[in-house]
Amino acid sequence: MAKDVVVGTPGIATGMFAEREAGSLSRGLRRSGVLIRRNPLGFIGLLIILILGAVAVLSNFFHIPPYALNDFRAGQPDEGMSLAHPFGTDAIGRDVLSRTMYGAWISLSVAFVSVLGGSAIGTAFGIISGYSGGFVDSFTQRIVDTAIAFPGLLLLLIIVQTLGPSFSTVVLAIMLGIIPGVTRVVRGAALSEKNNQYVEAARAVGADTPRVLFRHILPNVLALAIVIMTTLLGAAILAEASLSFLGLGIPAPAASWGRDLNDARNHLPIRIPAAFFPGAAITLTVLGFNLLGDAIRDIADPRLRGSQS
Amino acid sequence: MQTFIIRRLLIGVVILFFLSVIVFTLLSVVPGNPATQRCGLGCKTEQIKAIEHQLGIDKPLFPVEVSGSTPFLHFYGDSQYGDWLRNVAKGNLGQSTYYNEAVTTAIRARLPVTLELMILTMIFTIAIGIPFGVLSALFRNSPIDYVVRLTSIFGLSVPSFFVATMVLIVPLALWNYSPPIGRTIALTSDPWGNFKQFAPAAAVLALGSAAGIMRLARSSLLEVLRQDYMRTARAKGLREGAVILRHGLKNSLIPVVTVLGLQMAGLLGGALIIEQIFTLPGLGQYIFVELFNKDFQVVQTMALYVGVVVILLNLAVDVSYAWFDPRIRYS
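These protein sequences, in sequence, are chains V and W.
Using our numbering, you'd call the opening residue of the first sequence number 1 and step up by one each time.
Using our numbering, you'd call the opening residue of the second sequence number 310 and step up by one each time.
Honestly, the hints are just simulated from the structure, not real lab data.
Remember, it's a predicted structure, so these values are computed and weren't measured experimentally.
There's no promise every hint is true.
Stated by the list, open to error - Here are some of the chain V residues that sit facing chain W, going by a computed Cβ distance under 7 angstroms:
no.	residue
1	I143
2	D145
3	A149
4	L153
5	L157
6	T162
7	L238
8	I272
9	I282
10	T283
11	V286
Said to hold, decoys possible - Stretch by stretch, here's where chain V covers chain W in the computed footprint (C-beta under 8 angstroms, at least three residues):
no.	segment
12	317-330
13	465-479
As the list claims (entries may be wrong) - So the derived label-pair ranges between C-beta atoms look like this:
no.	chain 1	residue 1	chain 2	residue 2	range
14	W	L481	V	R142	45 to 55 angstroms
15	W	A398	V	L58	50 to 60 angstroms
16	W	N401	V	L58	51 to 61 angstroms
17	W	V330	V	P210	20 to 30 angstroms
18	W	R316	V	A207	35 to 45 angstroms
19	V	R37	W	A508	38 to 48 angstroms
20	V	R215	W	R543	50 to 60 angstroms
21	V	A54	W	S498	53 to 63 angstroms
All C-beta atoms, glycine included, are put in the ideal place defined by N, C-alpha and C.
Build the full structure now, drawing on both the sequences and the hints.
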């Protein structure tokens, strides 16, 4: 089971970019055995993500949670933990367990869409910037400097508040937050790829710049891009949760852990379970992605071990 | 060194310029005309025009405009962006409509709160992060190492607003205790009350940054311990403590200092949520309230202000490298 998913992560990108990743795919297969033995924490992370993914899909499409998302007749308001409501109920009697299960879908889908989009755009900018050099490069890098210098959360808040909160604006804001970092890292890789002989060879046989960029340099920086993507997923989950905690996430009636946590916090009498479980769900998801990301980074590039703070 | 600082300052100016353009553009596309809002219902077109003129919003947005028609580029002597920059440069940061006070007054009142929060957070971060990171590296693969590593990955994963919520509601539910909320207690008049008010917020903020520092201090010290000069230091008969402290630790702190500086910048963002949750009237809470009340002019100015602070912090970090590592010489 684990084998499938270690391969699954590069698989996402395979579908997106090019279909010539078969080499790294089989390498991934061989390495997945190493992951479990050498990196039990990474395996735990993988399990967490798998289970959460299953919960998200089963809740959203097959409605397995015991109560409907906004069923305020599920129980009395502010019930404690019981067999009927293992996580208790919220201020208007909705079942917290069911809401937490439904929340997984929003959280994971926002994270995946924004990280895939942001990494794709960032990778494109990165290889163009690194390969072109000169004015294009320094101009791009100064914009990247600007974006990195600015507190990410403030940027997210400004974007969502100006455009109005919705699924697409939240995804757009998180994407914009991701692009600069990816651009910077991929640019560095492209810069060192550019001096390789295969680039010269490709140019010598008459390949134009877009062809060199996307058929020759891109496949060589792809592994790096995938490693960054895994580490960014946790950050994207956190970003979505922060936005919805501050009231700028995807609006109701969609379920969001951040908003549920905030609602529980602002309600008297205090019911700890109604605040604890949505928050614990966020923590668990981010933890899963961080553990998995660390493991993938260790396997893909041992030199990077522990370098990310 | 001087050339390096000057070059970095120049790049800083370029970054600030980009930042001002981006923030200005972002916030001027907000739908809704302030003139129509001020004028109220049943307002005549001429009245709206007059108010627009008075507010200066009938001017073009930027001094340079690109359009499809000929001439391709249009230049204007007078623009909204120019007005804004001129005012900011003069120290006239504008007026908050929501609080009905000058932005400079608000900054003066709120800066000490944010500064105290950040300093306390940094103290907690260094006091927890570095010692545990060092222990973890020195006793690699021991139980202590595993506990530190697990704690740090947990600290990096748990959202600060979740911990903050728990820190506030659990004592409230169990013991009916809450840290002093609302009015800030001055450090000078009641140091203990002030600490009770700031410490929980700073501890929550420090959890994430200390986790990062622990990891970094660990991996950085492990890297240094492998160096040849460590072997030399031992070979010449130095005691183990001196080898670790003087040769190992000092060299391993270089990346730690960088990241601490970057974290300071990140704390400005973190303070946004934490000040809001703990109702500390700092700059973060100010920006948050202004943003929510769509007082975009103030948000523009504050975003620029934050940008200046972050750029100066980054510069300070770069310069401090040279102090920590004499091998680095900027040319």
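Item to check | Violating hint indices (sorted, rising) | outcome: No hint contradicted; all consistent.
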